[in-house]
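Listed below are the residues making up each chain.
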Amino acid sequence: MTAPLSKTIVLWIFVVAVLVLLSAPTIVILGASFTSGNIITFPPEGFSLKWYEKIATSRDLWDAFLRSLYVSAICTIVAIPVGTLAGIVLAKYAIRFEKSVQIYLLLPFTIPLIGSGIGLMLIFGEARLLGQLWPVGLACCVINLPFMIWAVTASASSLDPDLELAAASCGAPPLSTFLHVTLPAVMPGVISGSLLMFILALNEFLVSLLLTDARIVTLPVQIYNSIRSIITPDLAAISVVFIACAALAIVLLDRLVGLEIFLKSK
Amino acid sequence: MMPAALKGSAIKPKLEWPTVAVSVKSVNMVYDGVHAVRSASFDLETGKFLTILGPSGSGKTTLLRLIAGFQRPTSGEIFINGAAVSAVPPHKRSIGMVFQKLALFPHMTAAENVAFPLKMRRSDARAIPARVERYLDMVRLGGYGTRRVHELSGGQQQRVAIARALVFEPDLLLLDEPLAALDRKLREEMQLEFRRIQRELGVTTINVTHDQREALVVSDEIIVMDGGQIQQKARPSETYRTPSNAFVANFIGVTNFLDAPDGERRAIRAEKIRIAPTRNGLVGADTIVEGIVADAIFEGERVVYEVRVASLGDTLLRVFDHDPSAHSQLEPGSAVYLGWTAGDVLEFKP
Chain A
13 MTAPLSKTIV LWIFVVAVLV LLSAPTIVIL GASFTSGNII TFPPEGFSLK
63 WYEKIATSRD LWDAFLRSLY VSAICTIVAI PVGTLAGIVL AKYAIRFEKS
113 VQIYLLLPFT IPLIGSGIGL MLIFGEARLL GQLWPVGLAC CVINLPFMIW
163 AVTASASSLD PDLELAAASC GAPPLSTFLH VTLPAVMPGV ISGSLLMFIL
213 ALNEFLVSLL LTDARIVTLP VQIYNSIRSI ITPDLAAISV VFIACAALAI
263 VLLDRLVGLE IFLKSK
Chain B
626 MMPAALKGSA IKPKLEWPTV AVSVKSVNMV YDGVHAVRSA SFDLETGKFL
676 TILGPSGSGK TTLLRLIAGF QRPTSGEIFI NGAAVSAVPP HKRSIGMVFQ
726 KLALFPHMTA AENVAFPLKM RRSDARAIPA RVERYLDMVR LGGYGTRRVH
776 ELSGGQQQRV AIARALVFEP DLLLLDEPLA ALDRKLREEM QLEFRRIQRE
826 LGVTTINVTH DQREALVVSD EIIVMDGGQI QQKARPSETY RTPSNAFVAN
876 FIGVTNFLDA PDGERRAIRA EKIRIAPTRN GLVGADTIVE GIVADAIFEG
926 ERVVYEVRVA SLGDTLLRVF DHDPSAHSQL EPGSAVYLGW TAGDVLEFKP
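Top to bottom, those sequences are chains A and B. Per my numbering, residue 13 is the first one in the first sequence, and the count goes up by one each step. Per my numbering, residue 626 is the first one in the second sequence, and the count goes up by one each step.
These aren't lab readings, by the way, just hints derived from the structure by calculation. Any given hint could be a false lead.
A few chain A residues that don't get close to chain B, going by computed Cβ distances all over 12 Å [stated by the list, open to error]:
| id | residue |
| --- | --- |
| 1 | Leu34 |
| 2 | Thr38 |
| 3 | Ile67 |
| 4 | Leu175 |
| 5 | Glu176 |
| 6 | Leu177 |
| 7 | Cys182 |
| 8 | Gly183 |
Below, computed lysine-lysine pairings styled on DSS-like, alpha-carbon distance capped at 30 Å [what the hints assert, rightly or not]:
| id | chain 1 | residue 1 | chain 2 | residue 2 |
| --- | --- | --- | --- | --- |
| 9 | A | Lys104 | B | Lys717 |
| 10 | B | Lys810 | A | Lys104 |
| 11 | A | Lys104 | B | Lys726 |
Cβ coordinates follow ideal geometry from the N, Cα and C atoms, glycine included.
Please work from the sequences and hints to get the whole structure.
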């Protein structure tokens, strides 16, 4: 590796610039959350944990946070069986309308969330489900399910098709083959997909905004409501909590699946 | 043919000996418009090691998968130990299989892989660990049971796959080119290993390969397939010495075809042709032709010559010279004499 010096310098400048751009919002919010002043600023004035103390003792925020966890849990619990089966079927069988299904799986990137949100609001309104919390989890699941299916499909398509035949020749009937061989083999995809679904539901704002009312707001909506009145450093502290949740998910992923495998599967 | 242990004893062998373990009767397989197997029929005796040899696309793997039960034949029937099995799903057949890419369960240890068939076939749970240990010992992997599959070398993974296929004492062992991916040295080592284990256990075995050397080394019998059809079924030495047609002769060994005016095809093996710089060196040969050395390849224990023979329509004959010390190596361009005896010429009906 003997690239000319000028080339090395240019490359490094790019790398550093990208890293700064990507991490700037996180660093700013992290710094701002430790300010001892009363307004949100960066760099922070002094150092204190008082804003963390404030959010920890705020009843409203805790309730909203617990509701968000509940929504994420519902979303993940529904997504695991549905997404896993759909992912395996998509990877294993040459199904009809495969092209159409693939296009459907691109929807989360193409249809604006406001569109799907309003659609779901109409459906749930018609079914008289608005005002409850579990439909929000279901909605998050519907909107983000393609991510889960992708994760599982990536695992399932790298599966040696002979594995299931090998299980059969070992005497395993189809159900045992699925439980003992197919499922464990796609587990890395199931785990990464579930963590992704959990985090996406935890952060979901627009759909929650449309489907919740004042009594059952989730944390992102609660934060949005606060911003409309006054921006105080406690919002920075809450954001740091969100970042911590995402970081936790990544650590879990690394422990359970291995980040290398996760990144390769994309 | 009675086993030695039974000779002269009061115990009478069962009605028929030897018995037929596998019987394939007029099996056809057509899928996607491809006639992959054409009216294949053969019987295999219990305890024998059969190799199905053929180029890729010859239908050999399809035939193996039909026997395993992964596919159902379009027509015809397969019998295992006398029972028709076409309607029996693979997990209810007593067949151990070693796959081309091994298909070991990646999330299990070596011992868990070997224990899996026993668990699925509801063996006595207390007896499983000892049995697994015994089979790991048999494939010389004693003490490796706790390793994960990816922690084992290629050869060790092969052995785990063999132990997994044999641990439940199946009626039949199927080998789907499991050695194809190995390097030559390991492949030859594993061929002998397969042979040793198969003899030790006496399990009826069907092996699929495109490697003629492997087929000759390991088998009691060889089936040569081409274009979905069985070309010949015979013992290895018979297959080599008296190939039933031009395809078999060409596929096994190095064969020169000699143009014949009467329509029959005549051929001679490369090692049956003698080569000498003078006519005097070929005493005893029935046929002697003149040629020009086109190429000479030194391979250590032998020299391979390609000789252009004008009297045979300018064909290139390949000649193995197994005693290169008899005369100095002949250089390309030099005039030589080739000779052979009439008894070594193979003749095929067109």
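Margin query: Of all the hints numbered above, which does this structure not satisfy? Sort the numbers upward.
Written below: 4, 5, 6, 7, 8, 10
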